[in-house]
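**Q** Sequence:
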Amino acid sequence: MGGKTTHRMIKARLETTHSMVAEAFSYDLAGELRRYGEVVNTDKRRIRFRGIDFPLTHIIWMIVHREWPKFIVDHKDCDHANIAWINLRPATDQQNSMNKRIRCDNQIGVKGVQRHGIGYRARIRVGRDCYDLGTFSESWMAAAAYRIASAVMHGEFGRT
600 MGGKTTHRMI KARLETTHSM VAEAFSYDLA GELRRYGEVV NTDKRRIRFR
650 GIDFPLTHII WMIVHREWPK FIVDHKDCDH ANIAWINLRP ATDQQNSMNK
700 RIRCDNQIGV KGVQRHGIGY RARIRVGRDC YDLGTFSESW MAAAAYRIAS
750 AVMHGEFGRT
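Each number in the numbering used here comes from the position in the sequence shown (counting from 1) with 599 added on.
No wet-lab data here; the hints were simulated from the structure.
Note that this is a predicted model, so its numbers are computed, not measured.
A few of these clues could be false.
[Stated by the list, open to error] Taking lysine-lysine pairs in the DSS-like style, the calculated list, with each CA pair at most 25 Å apart, reads:
hint, residue 1, residue 2
1, Lys669, Lys643
2, Lys699, Lys643
3, Lys643, Lys610
4, Lys699, Lys675
5, Lys699, Lys669
6, Lys675, Lys643
[As the list claims (entries may be wrong)] Restraint ranges, calculated between C-beta atoms of paired labels, are given here:
hint, residue 1, residue 2, range
7, Glu637, Gly716, 52 to 62 Å
8, Asp704, Ser625, 35 to 45 Å
9, Val751, Ile701, 14 to 24 Å
10, Ile701, Arg645, 21 to 31 Å
11, Ser696, Thr641, 21 to 31 Å
Glycine residues also receive a C-beta, built at the ideal position from the N, C-alpha and C atoms.
Let's have the full structure, built from the sequences with the hints guiding it.
**A** So this is what it looks like as structure tokens:
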């Protein structure tokens with residue numbers, strides 16, 4: 600499910616049925632969520648319902664699938680305000696971490712590439728394992744190695 604799940608949240612999910620959610624919310628697949636007819640502000644990632652803060656994506660999943668998600672609901676484009684159904688997909692914690700944007704402290708400006716001596720080293724993570732893809736004389740070469748490895752090892756969750 601991702602994030603911190605409390606006993607209170609688990610109990611609320613067990614006690615909250617699809618009909619309760621469907622009575623309070625409506626959703627169109629283009630990405631508009633309404634609560635009792637009012638459009639919900641999607642800038643916030645959570646919504647209070649029955650005294651519990653639920654992730655917006657979990658409410659949407661319940662409306663569409665008639666059950667609570669058993670995993671993380673990932674945003675393909677990393678934009679949490681974009682709740683269009685085509686942008687949402689199930690993901691494990693590991694898959695969700697593959698889909699992260701480049702870190703703000705990245706000095707090269709390329710995901711998976713660091714300065715190493717007089718060259719550039721490309722590395723990729725899969726789960727707890729880190730794979731060294733080699734050291735290259737140019738940053739674009741290291742970036743190309745990372746892109747290829749990401750496509751193979753991360754599949755649809757790869758982000759470069």
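**Q** For every hint, state whether the structure bears it out.
**A** Status of the hints after comparison with the structure:
no., hint, verdict
1, Lys669 <-> Lys643, "holds (22 Å)"
2, Lys699 <-> Lys643, "holds (19 Å)"
3, Lys643 <-> Lys610, "holds (23 Å)"
4, Lys699 <-> Lys675, "holds (10 Å)"
5, Lys699 <-> Lys669, "holds (21 Å)"
6, Lys675 <-> Lys643, "holds (18 Å)"
7, Glu637 <-> Gly716: 52 to 62 Å, "holds (58 Å)"
8, Asp704 <-> Ser625: 35 to 45 Å, "holds (42 Å)"
9, Val751 <-> Ile701: 14 to 24 Å, "holds (19 Å)"
10, Ile701 <-> Arg645: 21 to 31 Å, "holds (26 Å)"
11, Ser696 <-> Thr641: 21 to 31 Å, "holds (23 Å)"
Consistency with the previously given hints is maintained throughout, with no hint failing.
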